[in-house]
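Two independent chains are provided; combine them into the complex using the hints.
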Amino acid sequence: MNIIKQTYSMYIDGFRNMTIGKTLWKIVFIKLLIILVFLNFFVHDKTFKTEYQTFEEKSEFVSENLIRK
Amino acid sequence: MEEALINWSRAQFALTAIYHFLFVPLTLGLGFIVAIMESIYVKTGNLMWKKITKFWMTLFAINFAIGVATGIIMEFEFGTNWANYSWFVGDIFGAPLAIEGILAFFMESTFFAVMFFGWDKVSKGFHLLSTWLVAIGSNLSALWILVANGWMQYPVGMVFNPDTARNEMNNFWDVILSPVAISKFLHTIGSGYVISALFVIGISAWLILKGKDMYMAKKSMIIGATFGLITSLFLILSGDESAHQVALTQPVKLAAMEGMYDGKREAGIVALGILNTNKTLYNSEPTYLFELEIPYALSLLGYHDTNAYVAGLNDLVWGNEEMGIMSAKEKINKGKIALNAFREYKDAIALKDFEKAKISKATLEENMPYFGYGYLKKPEDIVPPIGLTFYSFHIMVALGSWFVLLFAIVLFLSTKKDITKYPIILKSALWSIPLGYIAAEAGWIVAEVGRQPWAIQDLMPVGIAVTNISSTNVMITFWMFAILFTTLLIAEIKIMTKQISFGFNGGH
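Taken in sequence, the protein lines are chains G and F. Take the first sequence: its position 43, counted from the start at 1, is 43 in this note's numbering, and no numbers get skipped. Take the second sequence: its position 282, counted from the start at 1, is 282 in this note's numbering, and no numbers get skipped.
These are calculated hints, taken from the structure and not from any lab test. Here the structure is a predicted model, which is why all the values come from computation and not from measurement. Among the clues, some could well be false.
[As the list claims (entries may be wrong)] Calculated cross-link-like contacts (lysine-lysine; reagent style DSSO-like; alpha-carbon spacing at most 27 Å):
(1) F:K358 - G:K58
(2) F:K356 - G:K58
(3) G:K58 - F:K346
(4) F:K336 - G:K58
(5) G:K22 - F:K50
(6) F:K210 - F:K498
(7) F:K416 - F:K210
(8) F:K329 - F:K279
(9) G:K26 - F:K121
(10) F:K51 - G:K22
(11) F:K51 - G:K26
(12) G:K26 - F:K54
(13) F:K498 - G:K22
(14) F:K212 - G:K22
(15) F:K494 - G:K22
(16) F:K494 - G:K26
(17) F:K361 - G:K26
(18) F:K124 - G:K5
(19) F:K43 - F:K121
(20) G:K5 - F:K121
(21) F:K361 - G:K58
(22) F:K427 - F:K417
(23) F:K417 - G:K5
(24) F:K212 - F:K416
(25) F:K352 - G:K58
(26) F:K279 - F:K377
(27) F:K219 - F:K43
(28) F:K124 - G:K22
(29) F:K124 - G:K49
(30) F:K50 - F:K346
Isolated chain F, as found in the complex (with noise of 0.2 Å):
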């Protein structure tokens, strides 16, 4: 296949779903945010919280209008740009999906027009439920594109059938209770509610620093400082549980995470470092031309044991027999045996000679664990780009530390003492706002560059889920949807901004 045209298929398909989950996270954290703040409003009857709550209701509302629908482009380029992987996983993907779309969608959406049009039309408690069922049904359309992309990270409850050239799901429990999976979900919400709180501690603050209702800011700031503070806490064990499910089941993303060539015991986590370009497979040039290491915290964090080895890319690439771990040469051997038998189970069949198809399907199936390393041309294909995960796990880890520790202090001054008096710490969660954002997009290039070069892990690499069309095309529609989401976020920022500067008293 064309360089160009996976080249510009992958940027493509990164550019909408970077763009995507712009829009994403304020959803799936603003509504239960907005929910708490009804719910008070509902327990005390203050009008102040009703308030409150229209005036976060309504960003929710500007940032709901412009993302939605915008993952619909992800599903086109499935058809278009990758048709040979949309068919090859079959109803594994199609299932999920399509609950997302009818189960959550339309509950979603149901109650989303009670909780904006049903204010003193409905009674209270039903309009407090609606709200309620808005923020879960974000939440469960989540889960099952999550329990999706947890399949391509850790393909399981299915099997290959040779006659269709799909996979298909013999266990559905399998695949949405995947430990990948659910993780990945656990992870990714807990960035949206990290995300919404700093978006609610940093307007909060802006309105402040302004003059502007400080109060109703404030009781705003003291609901997203500890709502922030406990999804932030959440979000460490979550990733401590992420970060333990890639160690068991894609080691090379682990390695490439933290720059590690050579395995060892006690492995440590560089908390500060520079990788040096120099470095490769082939050299023993040091890894790192400045490092800051917590010791032990690699094997800890991978296997929960101080003691555990931790795979470099050396014995992932070249095998390391005394720890068991097989070279990607040998994963190669196995995958050409695998796509091997598939090309000679196709012929017997077409020959109608079933003895010969049925000993083919048996050697098929007993290497189809290793059936993408078949199309790889050597053992150093399967290390991801090193430098891109590095620094993203450890831009993602350094502001997840940072945001604990502001929503510690926000809280902290916002009730114990005047945080009006603190305008370097209002400014600090101001602009906080994006770095939520950098934070959770560095955190999904550490997943799928990471997991590079597999469009599905170890099954198929992206190279061949690609289709072959133009890569004029691609590079074409690549600067459409740059134009059109760009067109989008600043409509969202302007129309934000305004309804923001209009205040608590604003109209919504």
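Just chain G, same shape as in the assembly (with noise of 0.2 Å):
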């Protein structure tokens, strides 16, 4: 229980005395929101696994774009 406290308190002691940390956090943030959302919804919306749901359907087209090209 003691070593629960202790790494709670390491975690909040160490998020609230944050200088130089808070701003790269502000950047981590906004980087995966430009990332993982924006990019991925909007850029990245149409991928391979999206397009072919199926194991069969994936294997089906890559073969045919090997045969046919």
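Structure follows, in structure tokens:
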């Protein structure tokens, strides 16, 4: 129990006393928002996985591409 | 496939990979330098070393925070731009990347918190252990990524399944212990260590030039120069092994690295030279306009034998029966047989003609090592861009040699003399920081441009790996990524320089 408390207090104090860390966390969140939300849903919305659902469909699509090219 | 689409897809992947690798090297090496500094603090109990450790640890955190997740974009690109490739590589690429994500990343991020929040909260020993584990964790991440890259350069430990059009791993150990992957891993982390050491001596030099925290800057410089001298020598050794592996597995790349058209024994390395742009495979123009050659060096580097025959581009394109080198034309023929067998196998399976399918599968397996050649139109297609490969290789080697010299001078002056009296050396150290990045990126250009036209060596050319999507979309996303990464780079430089200007006594 003591170790859980100590770990909890380490994180809480750590986040509270951050200086440059606050700016860095903001950058990390903005970046993740851009990469995981914006790019994922609006730029990389149509991927191989979303266009071809089953293993057979994917395999067939690539086989056709490999044979026809 | 549309040429513009292939070119934009390549440009986009190159852009993201090059930018991603601007953030990676400092994480690889600075973690260990910080761990060494903290070890001195724990051993001596001297609070000055705690300050030094915290200063460099903060710079490590800035680089880590800005660089983290930039590699995810490349994984997205596999799904959108490189679907054929992603499917074809199968679980071989997936397994190392999954291990990287689960094992190394979690190890790194768990102990990262202790490293930054744990000062005076956990014991000195546990804190030090966490710092070392973060450094080891980031290097383990690199291992799995480079195993995947090594497989693309030298595909081993797998078998192609024509039913699924996927490569299936049949020997995990062949994949992770591939000599190409191991040498690539060692050489890449070595370059990260050298860049980090250059960063430490360069920033320390700047602080000394500014007359700020001079004593702690000098102490940092000794650690940086020692670490740099050892790792730059290691970089030369791992580079030697890397070149040996290139000679054995990618001879076309080796020939392009030296701009070598005609093969020979006792081949030398051009230490300094300018390529003749009029030289082609079809004429007898001189290869160089100017050259300064180190005799025997290429035979020695490539095959560890001064008398070894090093194949030139003409040998590899047109073949050399005397030396037992198969022509690209013959390989293309075998590749076409493999492709045709694959097509016949699929047709036979569809018609439930299992006897014919068995024969086709046997033909495919026999010719599978040349599968990718079946897509090439002419033998000359196996030749990568020679100028870019040649100059990138020579820039990398020249800069690598300069770094060894620089570390030796800085170490000597900072331990035996008063380095503050040598501003020219301090300025050289400062200006060598960007040179470290140029050398590392040049190394990647040699590795990746030098193996063109292949996405997977001998099995899949880049033009086949790409997904058939609109080239305009790829072009738009190229510029979006360029803006995103440039913004991140500017943010990193601004935050970093501000933090550095506070010196060792500033807030962390």
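Notebook entry, point to check: Which earlier hints turn out false for this structure, listed by number in ascending order?
Noted result: When the structure is compared with the hints, numbers 17, 23, 29 and 30 turn out to be violated.
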